[in-house]
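Protein chains in written order, with the working numbering: chain A, 189 to 299; chain B, 20 to 134.
None of these hints come from the bench; they were simulated from the model. One or more hints might be untrue.
Said to hold, decoys possible - Label-pair distances were calculated between CB atoms; the ranges are:
no., chain 1, residue 1, chain 2, residue 2, range
1, A, D199, B, E37, 40 to 48 Å
2, A, V243, B, G35, 37 to 45 Å
3, A, K257, B, P89, 25 to 33 Å
4, B, P115, A, N218, 36 to 44 Å
5, A, K257, B, Q100, 42 to 50 Å
6, A, K257, B, V31, 40 to 48 Å
7, B, L57, A, S197, 15 to 23 Å
8, B, R39, A, A216, 35 to 43 Å
9, B, P89, A, P195, 41 to 49 Å
A virtual CB, placed ideally from N, CA and C, is assigned to each residue, including glycine.
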Amino acid sequence: LAKTTQPISMDSYEGQEVNITCSHNNIATNDYITWYQQFPSQGPRFIIQGYKTKVTNEVASLFIPADRKSSTLSLPRVSLSDTAVYYCLVGDPGGGNKLTFGTGTQLKVEL
Amino acid sequence: NAGVMQNPRHLVRRRGQEARLRCSPMKGHSHVYWYRQLPEEGLKFMVYLQKENIIDESGMPKERFSAEFPKEGPSILRIQQVVRGDSAAYFCASSPPIPLNTEAFFGQGTRLTVV
Chain A
189 LAKTTQPISM DSYEGQEVNI TCSHNNIATN DYITWYQQFP SQGPRFIIQG YKTKVTNEVA
249 SLFIPADRKS STLSLPRVSL SDTAVYYCLV GDPGGGNKLT FGTGTQLKVE L
Chain B
20 NAGVMQNPRH LVRRRGQEAR LRCSPMKGHS HVYWYRQLPE EGLKFMVYLQ KENIIDESGM
80 PKERFSAEFP KEGPSILRIQ QVVRGDSAAY FCASSPPIPL NTEAFFGQGT RLTVV
């Protein structure tokens, strides 16, 4: 399974754009890149997934360069409620959705 | 469509007792996964089940832990003779029969405290 590396923590202020980068140098051809969000005392929640280039939904954007060895989750205009842990995962959807979580990035948003 | 339901939300057990954690997957989902999360750590995969079958239990401790997903009823994670180190949050996730991506839906978790 491809291992991921991401910053332990990040701080931001309301209204700013936050970019969290994840390294996955050993990503396999069949692997997708998925990001989850976890609030305290809750289960993780799917945010976005991509394979290459750029993916955008109502919550975030995901940028994946051509070599796919890294990815960047972009959160536009964060608010206090975006304070959470963000996990970057790589995996093969055909592998039955067994997910490997790292320690994630603790994002703290302040006024 | 109700999400993944886990109960109880909080469970307190004395050392040596048994803990039974329940998970009802989302409607139409036949794949269930159990994860354990220790404080300040990420989730660790434990076991992957389909109806009446254990598909992957590579993350399960060799002793005292077992899981099942019967034809009828919720999935059960059972921990026998609990010890203090079993205190953690246990999350269940489910996905549809044919996963198109790695999106899994998680429950709110069961927080087990062993005293």
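Against the structure, the hints come out as follows:
no.	hint	verdict
1	A:D199 to B:E37: 40 to 48 Å	holds (43 Å)
2	A:V243 to B:G35: 37 to 45 Å	violated (49 Å)
3	A:K257 to B:P89: 25 to 33 Å	violated (43 Å)
4	B:P115 to A:N218: 36 to 44 Å	violated (19 Å)
5	A:K257 to B:Q100: 42 to 50 Å	holds (45 Å)
6	A:K257 to B:V31: 40 to 48 Å	holds (45 Å)
7	B:L57 to A:S197: 15 to 23 Å	holds (18 Å)
8	B:R39 to A:A216: 35 to 43 Å	holds (37 Å)
9	B:P89 to A:P195: 41 to 49 Å	holds (42 Å)
The structure is inconsistent with the numbered hints 2, 3, 4, although it conforms to all the rest.
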